[in-house]
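Asker: The chain contents come next:
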Amino acid sequence: MFSRDNWKEIFETIQKNKLRTFLSGFTVALGILIFVVLFGFGNGLKNTFSKFFEDDAQNIITLFPGQTSKPYKGYKSGRRIEFDNSDLEDIKTNFPIFLEYITPRISRNGLVKYKNESNNYSTRAVAPSHQIAEKTIIMKGRYLNVKDVKEKSKTAVIGRLVEKDLFGAKNAMGEYIDIGGSAFKVIGVYQDEGGDDEERRIYIPYTTRQLIEKNTDKIDQIIVAFRPELGYAGALALDKGLTEFIKNKKFINPNDQNGLYVRNVAEGLKQTQQMAFVLQMIVGFVAIGTIIAGIIGISNIMVFVVKERTKELGIRKALGATPKAVIGTILLESVFITTVFGFIGMIIGIAILNSMGDKLKDRFITDPYIDMPIAIGATVLLIVFGAIAGYIPAKRAARIKPIVALRDE
Amino acid sequence: MIEIKDLHKSYKMGSNSLHVLKGINFSVKEGELVAIMGSSGSGKSTLLNILGMLDELDEGSYTLDGVPIKNLNETKAAQYRNKFLGFVFQSFNLINYKSAMENVALPLYYQKVGRKERQEKALKYLEQVGLKEWATHLPNELSGGQKQRVAIARAMAAEPKVLLADEPTGALDSKTSYEVMDLIQKINDQGNTILLVTHEPDIADMCKRIVHLKDGVIIEDKKVEQVRASQYV
Ligand SMILES: Nc1ncnc2c1ncn2[C@@H]1O[C@H](COP(=O)(O)OP(=O)(O)O)[C@@H](O)[C@H]1O
Ligand SMILES: [Mg+2]
Numbered sequence: 001m002f003s004r005d006n007w008k009e010i011f012e013t014i015q016k017n018k019l020r021t022f023l024s025g026f027t028v029a030l031g032i033l034i035f036v037v038l039f040g041f042g043n044g045l046k047n048t049f050s051k052f053f054e055d056d057a058q059n060i061i062t063l064f065p066g067q068t069s070k071p072y073k074g075y076k077s078g079r080r081i082e083f084d085n086s087d088l089e090d091i092k093t094n095f096p097i098f099l100e101y102i103t104p105r106i107s108r109n110g111l112v113k114y115k116n117e118s119n120n121y122s123t124r125a126v127a128p129s130h131q132i133a134e135k136t137i138i139m140k141g142r143y144l145n146v147k148d149v150k151e152k153s154k155t156a157v158i159g160r161l162v163e164k165d166l167f168g169a170k171n172a173m174g175e176y177i178d179i180g181g182s183a184f185k186v187i188g189v190y191q192d193e194g195g196d197d198e199e200r201r202i203y204i205p206y207t208t209r210q211l212i213e214k215n216t217d218k219i220d221q222i223i224v225a226f227r228p229e230l231g232y233a234g235a236l237a238l239d240k241g242l243t244e245f246i247k248n249k250k251f252i253n254p255n256d257q258n259g260l261y262v263r264n265v266a267e268g269l270k271q272t273q274q275m276a277f278v279l280q281m282i283v284g285f286v287a288i289g290t291i292i293a294g295i296i297g298i299s300n301i302m303v304f305v306v307k308e309r310t311k312e313l314g315i316r317k318a319l320g321a322t323p324k325a326v327i328g329t330i331l332l333e334s335v336f337i338t339t340v341f342g343f344i345g346m347i348i349g350i351a352i353l354n355s356m357g358d359k360l361k362d363r364f365i366t367d368p369y370i371d372m373p374i375a376i377g378a379t380v381l382l383i384v385f386g387a388i389a390g391y392i393p394a395k396r397a398a399r400i401k402p403i404v405a406l407r408d409e
Numbered sequence: 001m002i003e004i005k006d007l008h009k010s011y012k013m014g015s016n017s018l019h020v021l022k023g024i025n026f027s028v029k030e031g032e033l034v035a036i037m038g039s040s041g042s043g044k045s046t047l048l049n050i051l052g053m054l055d056e057l058d059e060g061s062y063t064l065d066g067v068p069i070k071n072l073n074e075t076k077a078a079q080y081r082n083k084f085l086g087f088v089f090q091s092f093n094l095i096n097y098k099s100a101m102e103n104v105a106l107p108l109y110y111q112k113v114g115r116k117e118r119q120e121k122a123l124k125y126l127e128q129v130g131l132k133e134w135a136t137h138l139p140n141e142l143s144g145g146q147k148q149r150v151a152i153a154r155a156m157a158a159e160p161k162v163l164l165a166d167e168p169t170g171a172l173d174s175k176t177s178y179e180v181m182d183l184i185q186k187i188n189d190q191g192n193t194i195l196l197v198t199h200e201p202d203i204a205d206m207c208k209r210i211v212h213l214k215d216g217v218i219i220e221d222k223k224v225e226q227v228r229a230s231q232y233v
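From first to last, the protein sequence lines are chains A and B. Residues 1 to 409 (UniProt numbering) make up the first sequence, in order. Residues 1 to 233 (UniProt numbering) make up the second sequence, in order.
Since the hints were derived computationally from the structure, they do not count as laboratory data. Virtual Cβ for every residue (Gly too), placed ideally from N, Cα, C. Take these hints with a grain of salt, some might be off.
Some chain B residues near chain A, calculated using beta-carbon distances under 10 Å [stated by the list, open to error]:
| hint | residue |
| --- | --- |
| 1 | Asn49 |
| 2 | Lys76 |
| 3 | Arg81 |
| 4 | Leu85 |
| 5 | Ser91 |
| 6 | Leu94 |
| 7 | Tyr97 |
| 8 | Leu106 |
| 9 | Glu133 |
Whenever a hint applies, use it, and build me the whole structure from the sequences.
Answerer: See the structure below:
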């Protein structure tokens, strides 16, 4: 059935029936193309959602002090909550098995000067482990270290764009910049994938900031990183434990929603991932619908093809074509066409996806792609079901008696 | 070569059935050229189709070259048709997207003859019908007479035991008809057995024997002095 001669016969038939070939080929190619593009867009959607989180660590719980809205244990409502250094120590001692690292953050905006250049930047006063939480990438020099914090040194790590703004083509390393009236030595330059804003920041030791601000021990925010191996459940447990602990320590009513804010990246990530998954499922369903439409398309064309060829098949049967040969003629032709055009559609679809890149970023589609096994799998699926769909009319054609097929109209 | 005994055939049409052949007894020897005559609707094509295994008989027996033809499944019938029989139809029945040569080669394809040999044989038979130069032409580029000659070449290419022709000249003018008959006579001269359905007496006279059908039975079966078609060409 698969001899070279058979293929030649089929190839000739295909060549000489261009419209028929084009019709079924076009349907198949289009079906696969739409499938590949849709599925790729689904992946692009997922990419966009995970990119939202990628530029920061994902095992982070951030605590923000608020203002109470309920009275508690003799305290009136409307009290402003503040964090201080003892909170850092208390969290460390009370949650040792959960904690990977902890860092405070004190943010201030202000004028930063170097010689004649000046600009407003946000300066973050942090501990060394903040580098991990923010995924800060050092380009030159180094990040803040424990010694800087201990000695309350006036050292600064500046963003790539801060260096560009203030120093132009010059190297900022070792130079002194003026932050809010104090001279800080630039010990490092960093970059960050979070975008331009994140590269227009300056990091200094939190102890130095506290010293400048009248030797206070207050902190703006506490960033807690949990051990990733704890997973989502562990993150939720720590989230709950931290909330209870701080509320208890700061005399905040347990039911007060405003005294303390806790942002759990894991939770947001999980929700977003779930949403992305649902979106991808929907896109996937649509894509599978396309494949099914493609299969129905081929079956219709096969019915049409068989009808159109009834007389020819009758002649072939009169000349000695067995039912098997008739089925083979029709099926092999259809499989050949679906295979060739299926893969053409697949390749065009993949080419479209590859050329897309982040052109549709505004529409939440980043780097759309399709896994090769899925693309090939869908194509093979279409070929197989196309063949099954073609088998039914082929079998019917094989049963038609030649005298019926040949009867003059 | 052909032996049929007490053959009956009826067509069911809804609740009634039409008894077309009502007990045909007849035999054909090798090398005969038989005309089957009769008015329209007398069952000539039905008889020929049964002989050609394109249709099944209801009652009676049919033996072809010593092989009893009965209860054939589709595959077996197709193989027998391919091996034993060549068909020529009134409406030519060439495959329109295949060239003259490819049409002639088609039965050989189903005999699993190799491509090269197929083409050689097809050319040889096209040459015999005088159409070698037309080998690469499509059917719609040929005249009616040429088409029928291609169809005859195709029927002969498989080297069948019997050639069955259902009104082969029915769609042709008389001059072309005689050309086709001339060809058929020559093929018969080479020893081939041919059965030919016609309702035209002049065509029947060019055969060697005339079988007359009427109302589903043979009313006359006679040998005739063959009129050579070549004198009219
Ligand atoms: N497949 C069929 N179904 C029903 N009736 C048929 C069929 N084939 C032929 N007939 C009828 O059988 C009769 C004989 O037909 P046919 O053998 O074609 O006649 P002829 O070839 O002598 O003109 C006609 O009345 C025709 O209508
Ligand atoms: Mg007839």
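Asker: All the hints need checking, so say for each whether the structure fits it.
Answerer: Hints, one by one, checked against the model:
With a cut of 10 Å, the hint placing asparagine 49 (chain B) at the interface with chain A holds, because the nearest CB-to-CB distance is about 5 Å. A cut of 10 Å between beta carbons decides the hint on lysine 76 (chain B): the least distance to chain A is about 9 Å, and the hint holds. Against a cut-off of 10 Å between C-beta atoms, the interface hint on arginine 81 (chain B) holds, since the closest Cβ of chain A lies about 5 Å away. With 10 Å as the threshold, the beta carbon of leucine 85 (chain B) comes within range of chain A, its nearest partner Cβ sitting at about 9 Å, so the hint holds.
Because the closest C-beta pair between serine 91 (chain B) and chain A is about 5 Å apart, less than 10 Å, the hint holds. At its closest, the beta carbon of leucine 94 (chain B) sits 8 Å from a beta carbon of chain A; the interface hint therefore holds under the 10 Å criterion. For tyrosine 97 (chain B), the interface hint holds, since its Cβ comes within 10 Å of a Cβ in chain A; the closest pair sits about 4 Å apart. About 6 Å separates the beta-carbon of leucine 106 (chain B) from the nearest beta-carbon of chain A, less than 10 Å, and the hint is met.
Interface restraint check for glutamate 133 (chain B): the shortest CB-CB distance to chain A comes to about 21 Å, outside 10 Å, so the restraint is violated.
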